[in-house]
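Given the coordinates of chain A, assemble chain B onto it according to the supplied hints.
There are 2 protein chains.
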Amino acid sequence: MIVRTCLPFCLLFAAFLPLAFAVDPLPSWNDGPNKKAIIDFVEKVTKAGTPDFVPVEERISVFDNDGTLWCENPLPFQAIFAADELKTLLPDHPEWREDPSVKAFLKSDIAALSANHYKGLLEIIALTHAGITPDEFTARVKQWLATAKHPRFDRPFTECVYQPMLELLSYLRANDFQTWIVSGGGVDFMRVFAEGTYGIPPEQIIGSYSLVRFEMKDGKPVLTKTVDSLFIDDKGGKPVGIHTFLGRRPIAAFGNSNGDQAMIEYTTIDNPRPSFGLIVHHTDAEREYAYDANPKSTGKLTTALEVAPKYGWTVVDMKNDWKTILP
Amino acid sequence: MIVRTCLPFCLLFAAFLPLAFAVDPLPSWNDGPNKKAIIDFVEKVTKAGTPDFVPVEERISVFDNDGTLWCENPLPFQAIFAADELKTLLPDHPEWREDPSVKAFLKSDIAALSANHYKGLLEIIALTHAGITPDEFTARVKQWLATAKHPRFDRPFTECVYQPMLELLSYLRANDFQTWIVSGGGVDFMRVFAEGTYGIPPEQIIGSYSLVRFEMKDGKPVLTKTVDSLFIDDKGGKPVGIHTFLGRRPIAAFGNSNGDQAMIEYTTIDNPRPSFGLIVHHTDAEREYAYDANPKSTGKLTTALEVAPKYGWTVVDMKNDWKTILP
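Quick note, the sequences are listed as chains A and B, same order.
In terms of our numbering, the first sequence is residues 1 to 327.
In terms of our numbering, the second sequence is residues 1 to 327.
So that you can see chain A by itself, here it is in the shape it has in the complex:
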């Protein structure tokens, strides 16, 4: 009797299930060919029994961070953190004033620091981030993230993230994709906030690094950050980092600059699996920044934009494709 009474309600509930799943997974994206391309790709590779189906363990997606998941203007945020650290630490390290990158920094020579895709900036980062334990470093980053604010948006840096990209991360994970960060930023820096901000755990972050040093000190294990064996996870370094850390070829890659071109090429060209490449093109000076077409800017997007049509990459026009930018 109870069963019979329940039956109509169960059927009613079942009837609404497809509607529940039909909720727009990317509400901050305007409808159009780019949003459609994302959804088509995800639906294609998750449809069992088709030649395009990709098993769950191979659903690897990789995301650049600076300029792809969060802003990178007026400078990549880790550079702003390093600048704040340098100001604090410089009085105790007069010898650093001889370092060409520090000199460039003290002259605010952004062009020199940004040359070779931030080589100078990364050296400053290495200098200001070494000689301490990872726990001390984490504490400093946490403190900075809790207090520092973006100069234009007047909010914590962890809130200068792109709402449409947060939705994309969730959408991919809901379809059993792993979502990895593959960024030129320092891996220890990103690990402090990526879990809370993006839902990406420390073990799914590939970034620039120097090796720590291990020793037993007073009977306790101690790691110390160094500047040894610096690996820069940018340009051709990105596929190298992906192979070394992850060991699988991604099927989807998301970036915003020439620094991401090699990663997207590695993901999409000659891949036996269906694959997807996407570039976030910064076109909205009003709501964010329109900087990537300027060959002198950080986050330069020239060659990657040129090859995009040839390889079928989706180029997101922030101004037109995104309803909302910051949450």
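Some clues are possibly wrong.
Which copy is meant is left open, so a pair is good if it fits within one copy or across any two.
[Unchecked claim] Mimicking EDC-like on lysine to aspartate or glutamate, the simulated pairs with C-alpha atoms at most 16 Å apart in a straight line are:
1) K149 to E286
2) K235 to E215
3) K142 to D109
4) K296 to D135
5) K36 to E58
6) K323 to D284
7) K220 to D270
8) K107 to D84
9) K319 to E286
10) K217 to D270
Because the hints were derived from the structure by calculation, they are not lab data.
Owing to the predicted nature of the structure, the values given are computational and were not obtained by experimental measurement.
The following block gives chain B in isolation, referenced to the frame of chain A:
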């Protein structure tokens, strides 16, 4: 009516559920303090609402491979693979005969090759594994694993694994632990078989590596294995590798030699979380090998065995603790 008829059966089923969960998760382990220590630790950290509870995302366990998950005698298996490769490749590379490690190899000078925890062997590995794409390398390893046999056990090397450790991996994963390999072996080598043999995916393997080189060749992305930036994931390198690749401190570490001591120290000493360290002591010459007490042997276990009681590490006596060794 249907509901009422079903009810007694449902209750009966529910009554048996606890019994189902009481099935021995480690059937190849003899009952005793070591088996109990493992189960006590897992039950302790998974019991919600207690101070010892560890959230799922922090349940990281790390396993050495050679001598911990599979045999490492008469030589670590990757060294046997490298020897087979070297025999094949040497006629085309006469210049290699000048390399001190190759010389030691050609004289079968195992002591020289094994000195400094296999430094010479690792150089041979680097030499025989470089200049090809990871895909070519994977194909060679697969081919070797499919045909080569262990000289004593007369079975494929992937079947020379420890049944009790396979059960331990499953038991930890059933309790939402991540099970990582942290081994001196080459990461590209282990990634070929670890998923099929241990259920450990490529992205949860930390090993020795050289960086690959990335280039676009005839319009296609190509990775090439090199001998550049060799990182040896052994001794103090293990905590370094764990920090760099994984970015979380493990709460359980499993090894069998002095090469694992730093990793187990890093896991168990001064860890704010409850932690567990275990050493597999090779004591069974009849069913496997009893080699680790010999200071000249590969897989030497001396200092790590000395400090084990002080740090409360569990020392598994293979002869007495394991009912079965190979599956």
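Q) Any of the earlier hints contradicted here, and which numbers? A) Violated hints (numbers, rising): 1, 3, 4, 5; every other hint is consistent with the structure.
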